[in-house]
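Using the sequences and the hints given, assemble the complete structure.
Residues per chain are reported as follows:
2 protein chains.
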Amino acid sequence: MATVANDILIAYPPVGDHRLRRIVALPEHVRVTVGLDSSEALDALSGAASRAGRTIGVYVEMDVGMHRVGLPDVDDIVELARRASDAPGVHYRGVMFYPGHIREHVSQQTPALARLRADLRERIDALAAARLAPQVVSGGSTPTAFASHSVDSMTEMRPGTYIFSDRTTAEIGAARMEDCAFTVLATVVSTAVPGQAVVDAGSKALGREPLRGAAGEGFGVLLTAHDVTVHAMSEEHGLLRLPGNGGWRPRVGDTVRIIPNHVCYSVNLHPVLWAVSDSTIVDRWEVAGRP
Amino acid sequence: MATVANDILIAYPPVGDHRLRRIVALPEHVRVTVGLDSSEALDALSGAASRAGRTIGVYVEMDVGMHRVGLPDVDDIVELARRASDAPGVHYRGVMFYPGHIREHVSQQTPALARLRADLRERIDALAAARLAPQVVSGGSTPTAFASHSVDSMTEMRPGTYIFSDRTTAEIGAARMEDCAFTVLATVVSTAVPGQAVVDAGSKALGREPLRGAAGEGFGVLLTAHDVTVHAMSEEHGLLRLPGNGGWRPRVGDTVRIIPNHVCYSVNLHPVLWAVSDSTIVDRWEVAGRP
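Taken in order, these protein sequences are the chains called A and B. Just so you know, the first sequence maps onto residues 1 to 291 in the working numbering. Just so you know, the second sequence maps onto residues 1001 to 1291 in the working numbering.
Hint data in this document are derived by calculation from the structure and do not stem from the laboratory. Note that the structure is a prediction, hence the values are computed from the model and not measured. Backbone N, C-alpha and C define an ideal beta-carbon position, used for all residues, glycine too. Keep in mind that the hints are not guaranteed to be accurate.
Below, a sample of chain A positions facing chain B; criterion: calculated Cβ distance under 7 Å [as the list claims (entries may be wrong)]:
| # | residue |
| --- | --- |
| 1 | 16 |
| 2 | 38 |
| 3 | 68 |
| 4 | 198 |
| 5 | 237 |
| 6 | 268 |
Selected chain A positions facing chain B (in silico; Cβ < 8 Å) [said to hold, decoys possible]:
| # | residue |
| --- | --- |
| 7 | 155 |
| 8 | 193 |
| 9 | 253 |
Below, the structure written as structure tokens:
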């Protein structure tokens, strides 16, 4: 899977010399864009890019309800966009946002999407009035992916979980459970305690990720029996609560495949993924972005 | 830090050919002991060891209240110990347990330790009556480490978190906060949302580990300000809730050190630890056991 990217978005504040060094060391032919939300980050990027004799694209990150990073206030957004527009070494390309607060079931998202559309419109109008109309409006998320067309000002979408899907995505209706392409292969290592089976996939394999925006307990479900959950975990132990009389009764040594609540986290816990087609391993993918 | 171990305990059920292959491939001069709780695991180990022409030690794992792995029933314990005693390729060395259910503050553990002592005595007496008296009684945990002498039948202790300590250990009184030797160095990347600062250490650096057995919210605290917690996280974002008027106000680019709730989990998320003495890096430790 050797690919050459000509367009890279770094959707994370480029704070710290270690980040700036890596950004300006990217090959010259790559168009790099960086999202940021502070004058500190902008000024440092501008300085590093100028010294390296190159121009780095900038998105001003806006908070539209997630309350994590991004400027909430429209005047602050305009001010930072102006500063990006004036600074050497950087090119103001537009704005970005992440609507990660919209976690309702896809059938219930209409009001939240309407608010998002209106909030974006207000900000973009203010930027346009200041002659800072964004060339790109970058947003998107997996829960809202199929409603992206309704966010009419958005020109770029960045859904992440989408590529594999997971239990959370399926529970909120953004995929079907049978669309989930990532599972953790685990072995039953103990059935000593009545009513449960213990597998060798715990929090270090699945992650202790909550099922956000949906009802349901546990940290993952079996691929072949969605009613069997990993209801508790230690680092190297996953505890499966067994169904009642006449239900599934695994033996020590049996293997199971587990769909995790949150695939992004589980991927990062593994150095390698095995691509499987019709029960045959067809490829080996190194998780290159893992620290 | 090159060390040669002559005595290795594998405190995890050796289920699956991949585990058995690695166990019997350990150097001949190493005395290997394996904990297990099923005849399936025992028989497979016995077969693999016999074929490899070596003898592997066995602890029969007992459940004393954690309800994770280990046999809860004394008759089952005696039966598996007898089977281990009779099987080729293995040597019955004793019993093991993990009292991970005892998570009270150290000042409140006396009743739980008394129950543990009595439960162990009952099981050991039953084994002795069957001429299967354990040579080793292996137990221990970090929360109970300093009370180990009160568990009078125990001959081996295996506290893990103990080596670094963490916020949980400190909160339950098994260490002081200033004993915590492991911190995550993080950089403030955003202060755009009022009332909070965002650092570049989220769940992929700290782990989403609860503060078990103690009151308190969040996933870690600042080394220099224990009242500032990481109150929420995304994968690459840690959200610090800032104290009220006149309190600490970080700037983008500032660095902080965070004591995680659970150090064992955080260690596994990093490929390398840096050993620091008086603000100077004195060593680099690879996390060799990380997958």
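So, going through the hints one by one against the coordinates:
no. : hint : result
1   : 16   : 5 Å, holds
2   : 38   : 5 Å, holds
3   : 68   : 6 Å, holds
4   : 198  : 5 Å, holds
5   : 237  : 6 Å, holds
6   : 268  : 6 Å, holds
7   : 155  : 22 Å, violated
8   : 193  : 5 Å, holds
9   : 253  : 6 Å, holds
In this structure, only the earlier hint numbered 7 is contradicted, and the remaining ones agree with it.
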